[in-house]
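Going line by line, the protein sequences match chains A and B. Numbers in our numbering are just positions in the first sequence, counted from 1, shifted up by 96. Numbers in our numbering are just positions in the second sequence, counted from 1, shifted up by 96.
None of these hints come from the bench; they were simulated from the model. The model shown is predicted, which means the values in this text are computed figures rather than measured ones. Even glycine gets a Cβ: it sits at the ideal position worked out from N, Cα and C. Heads up, some of the hints might be wrong.
Stated by the list, open to error - Capping the alpha-carbon separation at 35 Å, the derived lysine-lysine pairs in DSBU-like fashion look like this:
#, chain 1, residue 1, chain 2, residue 2
1, A, K271, A, K161
2, A, K271, B, K161
3, A, K161, B, K271
What the hints assert, rightly or not - What the simulated footprint calls covered on chain B by chain A, stretch by stretch (three residues with Cβ under 8 Å from a Cβ of chain A suffice, anywhere in the stretch; the number is not a length):
#, segment
4, 122-136
5, 198-206
6, 220-232
As the list claims (entries may be wrong) - One-sided and incomplete, this derived list gives chain B residues near chain A with beta-carbon spacing under 7 Å:
#, residue
7, L159
8, D162
9, A238
10, A240
11, P248
12, D301
13, P310
14, V312
15, W313
Read off the chains here:
2 protein chains.
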Amino acid sequence: MTLAAIRLSLREALAASAAQDSAHDVAHADRVWVHARTISHGEGIVPSKVLLCAAYLHDLVSLPKDHPRRAHAATMSAAAAGPVMEALGLTPSEIAQARHAIEAHSWSGPVQPQSLDARILQDADRLEALGAVGVARAFAVAGALGRPLFHPEDPFATKRPLDDDTWALDHFAVKLLKLPETFLTATGRRLAGERADVMRRFLADLAQDLGERPPVW
Amino acid sequence: MTLAAIRLSLREALAASAAQDSAHDVAHADRVWVHARTISHGEGIVPSKVLLCAAYLHDLVSLPKDHPRRAHAATMSAAAAGPVMEALGLTPSEIAQARHAIEAHSWSGPVQPQSLDARILQDADRLEALGAVGVARAFAVAGALGRPLFHPEDPFATKRPLDDDTWALDHFAVKLLKLPETFLTATGRRLAGERADVMRRFLADLAQDLGERPPVW
Chain A
97 MTLAAIRLSL
107 REALAASAAQ
117 DSAHDVAHAD
127 RVWVHARTIS
137 HGEGIVPSKV
147 LLCAAYLHDL
157 VSLPKDHPRR
167 AHAATMSAAA
177 AGPVMEALGL
187 TPSEIAQARH
197 AIEAHSWSGP
207 VQPQSLDARI
217 LQDADRLEAL
227 GAVGVARAFA
237 VAGALGRPLF
247 HPEDPFATKR
257 PLDDDTWALD
267 HFAVKLLKLP
277 ETFLTATGRR
287 LAGERADVMR
297 RFLADLAQDL
307 GERPPVW
Chain B
97 MTLAAIRLSL
107 REALAASAAQ
117 DSAHDVAHAD
127 RVWVHARTIS
137 HGEGIVPSKV
147 LLCAAYLHDL
157 VSLPKDHPRR
167 AHAATMSAAA
177 AGPVMEALGL
187 TPSEIAQARH
197 AIEAHSWSGP
207 VQPQSLDARI
217 LQDADRLEAL
227 GAVGVARAFA
237 VAGALGRPLF
247 HPEDPFATKR
257 PLDDDTWALD
267 HFAVKLLKLP
277 ETFLTATGRR
287 LAGERADVMR
297 RFLADLAQDL
307 GERPPVW
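Using the sequences plus the hints, can you model the full thing?
Okay, structure coming up:
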């Protein structure tokens, strides 16, 4: 099978899974694959079948951010991805490599990326949390959790501790804008920096709307 | 009672209501009041007690966007606001004026604003749908409804009809960017135009992230 044919089958498998929400849908997987290809080329390698499968199946099991088993979602996705890849004719070695990349892409899990494919997938997925797409996803997640957008008196936390379990906007300072330093490839880090700048511009616009000074985040 | 004291009581009444979600919380009411004051001053009038009450109580009953009685939320809010305003010592005439403004602020209801306060409230509330705040709210609503953020193949609808019941992003073209022409005061219209420009810049950033051309919306 060509990469293009495998990609179509992966999209179908993902679309048929029950794991869809606004932030983890087929479009998200499509973009992660685009980023993974871009980073691969930037790092001087040809994107592999293993990376393609890992990119499409990394959120095959997606749990809400407040779900108690959230930290296990990557492991569950890796397990569920096995039979999908077998059906597509991948070898046991390829399946094991893709499963490692899926397990290691997680934000909260214990597995660290041990291969270039795994580092590329983690970077590709984290890019999605940044930029204008990251803005859209952050607020969609907040809406799904019923979380208020900003602290009414002090949206940018100038006089209170940050608390991103309570306020959606705090998540930009607690996590999102710190992400670029966690990127594992040079290409990924460069793209992450550009997208963090887009986010800072959005935050400056938001501060203007709210009659506040732009944050120093 | 001073306006400041009334405002504190109104915030408490709103915070105690069951109508809170990410897009309609006390912070939203705070901002609508700030906008209402700004527009009043721009139109050369002093912001009134009636406008203050209408600003804080306009979403006292808030129903999800997909709720069958959604079109009646403004009428229900106006009814629920009556006793709150009575308790604050407003006269029957003031209460009737504020109730009219609340009923007429609605996007989907049949009541048209007949007073300057009602026009100001409608403009103040619509400003919240625009700008960076409008971006945050649009995606929070999409997340709450479990609606996907964008069409995976054609996010900006260059080759398909717009469908904002399905895709969050389509709502910018179908409704949000058309809002400035619906504003009823000169000051409101000017502020709306500025905020629509902020939104267009966000959409250009998003197009860049998605590898698409900026929309002509």
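Here is how each hint holds up against the structure:
Pair hint A/K271 plus A/K161 holds up; C-alpha atoms about 14 Å apart against a cutoff of 35 Å. At most 35 Å may separate the alpha-carbon atoms for a hinted pair to count; A/K271 and B/K161 meet this at roughly 30 Å. Between A/K161 and B/K271 the alpha-carbon distance is near 30 Å, which keeps this suggested pair within the 35 Å criterion. Under the rule that three or more residues need a Cβ within less than 8 Å of chain A, the assignment of the segment 122-136 of chain B holds, with 5 such residues.
Using a Cβ-Cβ cut-off of 8 Å, 0 residues of the segment 198-206 of chain B lie near chain A, which falls short of the minimum of three, so the contact claim is violated. Residue count for the segment 220-232 of chain B with a Cβ under 8 Å from a Cβ of chain A: 5. That meets the three needed, and the coverage hint holds. Interface restraint check: B/L159 against chain A, minimum CB-CB distance 15 Å, threshold 7 Å, status violated. At about 13 Å, the closest approach between the beta carbon of B/D162 and any beta carbon in chain A exceeds 7 Å, and the interface hint on this residue is violated.
The interface hint given for B/A238 is met, as the beta carbon of that residue sits about 5 Å from the closest beta carbon of chain A, less than 7 Å. Nearest Cβ of chain A to the Cβ of B/A240: about 4 Å, under the 7 Å cut. The hint holds. A hinted interface residue such as B/P248 counts as satisfied when its beta carbon comes closer than 7 Å to some beta carbon of chain A; here the least separation is about 3 Å, so the hint holds. Satisfaction of the interface hint for B/D301 is found here, the shortest Cβ-Cβ separation to chain A being roughly 4 Å, below the 7 Å cut-off.
Proximity of B/P310 to chain A is violated relative to the hint, the smallest CB-CB distance being about 11 Å (cut-off 7 Å). A distance limit of 7 Å between C-beta atoms decides the matter here; for B/V312 the minimum to chain A is near 17 Å, and the interface restraint is violated. A least Cβ separation of about 15 Å between B/W313 and chain A goes past the 7 Å threshold, and the interface hint is therefore violated.
Checked against the numbered hints above, the structure violates hints 5, 7, 8, 13, 14 and 15; every other hint is satisfied.
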